[in-house]
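Residues per chain, in single letters:
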Amino acid sequence: MKIKEIQEELIDEFAMFDDWVERYEYMIDLGKSLPLIESKYKTDDYLVSGCQSKVWVNAELIDNNIVFKADSDAIISKGIIAILIRVFSHHKPNEIIEASTDFIDEIGLKDHLSPNRANGLSSMIKQLKLYALAYQTKINDE
Amino acid sequence: MKKNTNINIKEIRKDFPILNRKVNGNDLIYFDNAATSQTPKVVIDSIVSYYSNYNSNIHRGVHALSQEATDAYENSRIKFQKHFNADNSFEIIFTSGTTHSINLVANGFKKILKSGDEIIISQLEHHSNIVPWQMLCEETGAKIKVIPIDHNGELVFSEFEKLLNSRTELVFVNHVSNALGIINPIKKIIDRAHEFNAIVLIDGAQATPHMKVDVLKLDVDFYVTSTHKICGPTGVGILYGKEKWLNKIPPFFGGGEMIDQVTFEKSTYAGLPNKFEAGTPNISGVIASGIGLDYMNSIGLENINKYESELLNYATKEMLLIEDLKIYGVSKEKTSVISFNVGEIHPYDIGSIVDKFGIATRTGQLCAQPIMDYFKIPGTIRVSFSFYNTKEEIDLFIKALHKAISMLS
Chain E
46 MKIKEIQEEL IDEFAMFDDW VERYEYMIDL GKSLPLIESK YKTDDYLVSG CQSKVWVNAE
106 LIDNNIVFKA DSDAIISKGI IAILIRVFSH HKPNEIIEAS TDFIDEIGLK DHLSPNRANG
166 LSSMIKQLKL YALAYQTKIN DE
Chain D
21 MKKNTNINIK EIRKDFPILN RKVNGNDLIY FDNAATSQTP KVVIDSIVSY YSNYNSNIHR
81 GVHALSQEAT DAYENSRIKF QKHFNADNSF EIIFTSGTTH SINLVANGFK KILKSGDEII
141 ISQLEHHSNI VPWQMLCEET GAKIKVIPID HNGELVFSEF EKLLNSRTEL VFVNHVSNAL
201 GIINPIKKII DRAHEFNAIV LIDGAQATPH MKVDVLKLDV DFYVTSTHKI CGPTGVGILY
261 GKEKWLNKIP PFFGGGEMID QVTFEKSTYA GLPNKFEAGT PNISGVIASG IGLDYMNSIG
321 LENINKYESE LLNYATKEML LIEDLKIYGV SKEKTSVISF NVGEIHPYDI GSIVDKFGIA
381 TRTGQLCAQP IMDYFKIPGT IRVSFSFYNT KEEIDLFIKA LHKAISMLS
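Protein chains in written order, with the working numbering: chain E, 46 to 187; chain D, 21 to 429.
These are computed hints drawn from the structure, not numbers from a lab. Keep in mind that the hints are not guaranteed to be accurate.
Said to hold, decoys possible - Taking beta-carbon pairs under 10 Å as the criterion, some of the chain E residues facing chain D (in silico):
id	residue
1	L92
2	S94
3	Q97
4	K99
5	N103
6	I170
Said to hold, decoys possible - FRET-style restraints, in silico, Cβ to Cβ:
id	chain 1	residue 1	chain 2	residue 2	range
7	E	M46	D	D415	27 to 35 Å
8	E	D74	D	S318	32 to 40 Å
9	D	V68	E	S84	52 to 60 Å
10	E	N109	D	T56	50 to 58 Å
11	E	D150	D	V68	49 to 57 Å
12	E	D63	D	Q154	28 to 36 Å
13	E	K49	D	G299	49 to 57 Å
14	E	T88	D	E263	47 to 55 Å
15	E	V66	D	G299	23 to 31 Å
16	D	G299	E	I142	43 to 51 Å
Said to hold, decoys possible - Okay, the calculated bits of chain E under chain D, using three or more residues with CB under 8 Å as the criterion:
id	stretch
17	48-61
18	107-116
Every residue, glycine too, gets a C-beta built ideally from N, C-alpha and C.
Given these sequences and hints, build the entire structure.
The following block contains the structure:
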């Protein structure tokens, strides 16, 4: 599935819920299915800065697609990074770099996850895109 | 709540326009008072009045507006002098906040401290009372010694006594810990430090909203606070210093108003307090801070203290009924602050969920990482009550907390 299609799928899923409690509970559930980072990567080098909780992310290039893994010591942050990884993982670096993140507004979490909040959403997006940029640069150099 | 205080909570709440607003569809419940207190209408009105009627620069103009502004500004200084029982009004310096006040003093000791001198601070300090002294030590070669805390979060006085010696030049302790709300035995600390001729600065940012402070009785050398915690606007701080110390330390900023004579060869500094108030100060903020102080005193710190203690005791009792809830900072001497965690749940998670119910709390390290390191936790959730909070709000908070725990477990 393309990034845009996954985003639309998420928008549909979140549209089923009436209130923020259900949306949060779903986000927490999504966090439980997050592909977890190996414990050896849970070090300061893999921390996303700008989050009040700890969020670790690593990326590998497998068959020209980036595969993200992550973890967090906070449940809500884990849900947020899980949503982002579901959208961005298993795609080409260029596709990730160019992808829009407007879907956050549309899944009804805009008020809760706006970039200025201490949840670090924008830092996480930036970190994922930085990984993509680094791999794209590497591919271009080869 | 039992009516054994003289607080008329219904009337008081009418004084705070912000308490009428909704957050995420719920009535705002503001439990982040230790970070900043809310602002009564009289204070907001005084800022509007200043800009509507007599906005002008102080101390300079001969015109009517400048005179009126200067009078109001200096009148505010006298209010704070009386409130803190300082000997002289010029011993009250207006700054931009507690952090500015502390930095002003730390900067002042750059030329006075020598390599090998010692500075004592406590493990309970806010980052603003740690970093300036570290910077001072880097420049002077002085060393920092730290008073440890025990498992309740109280300072270990006997350890403090062991740290004191003839090399101790400065002692800096907060009056009340911002993270735990514990009231430190500052009178004992000041007296003991003075036996070693050490100079004592007390950070009163978390104390002044809750109790009367008498700088003469305390015999403290420097006492600092911010007025946004005592019903004033943001951006105004107080530095009280004994005249002899304020005369001894050099100005922090150079500029207008702080000089006596200026030639290109040399400038001589103005006397106190102007020496430390270079440039155009936060005139409306200082005037409004005086109005905020009057407002707080019209309710009475004794009444406030009594009422907040009731809120603290009620909330503590209710919260301890929650399974796995641990409160950090256990002391008989506490202000209305509760710092806590529930089991292994991250404080950020709980803070985010209760925010959805319109409840403002503080989460994280609370600018006091050494305390969190001591307890080996990533941070806490802190609720802090003011005299306009109610028992009903605490009930709603407990309900929201239960919901958060069930969502996060």
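Status of the hints after comparison with the structure:
1. L92: violated, 12 Å
2. S94: S94 of chain E check fails; min Cβ-Cβ to chain D is 14 Å, beyond 10 Å.
3. Q97: With Cβ-Cβ at 5 Å, under 10 Å, it holds.
4. K99: With a closest approach of 7 Å, the K99 of chain E hint holds.
5. N103: violated, 21 Å
6. I170: Not OK, violated: I170 of chain E not within 10 Å of chain D, min 18 Å.
7. E:M46 to D:D415: 27 to 35 Å: violated, 47 Å
8. E:D74 to D:S318: 32 to 40 Å: At 52 Å between Cβs, range violated.
9. D:V68 to E:S84: 52 to 60 Å: holds, 58 Å
10. E:N109 to D:T56: 50 to 58 Å: holds, 51 Å
11. E:D150 to D:V68: 49 to 57 Å: Violated, since D150 of chain E and V68 of chain D (Cβ atoms, about 36 Å apart) do not stay within the stated range.
12. E:D63 to D:Q154: 28 to 36 Å: With a Cβ separation near 52 Å, D63 of chain E and Q154 of chain D fall outside 28 to 36 Å, so the hint is violated.
13. E:K49 to D:G299: 49 to 57 Å: This hint holds: roughly 54 Å between Cβ atoms.
14. E:T88 to D:E263: 47 to 55 Å: Holds, since T88 of chain E and E263 of chain D (Cβ atoms, about 53 Å apart) stay within the stated range.
15. E:V66 to D:G299: 23 to 31 Å: violated, 51 Å
16. D:G299 to E:I142: 43 to 51 Å: holds, 47 Å
17. 48-61: Since 0 is below three, the answer is violated.
18. 107-116: Coverage by chain D is violated for the stretch 107-116 of chain E (0 residues, Cβ < 8 Å).
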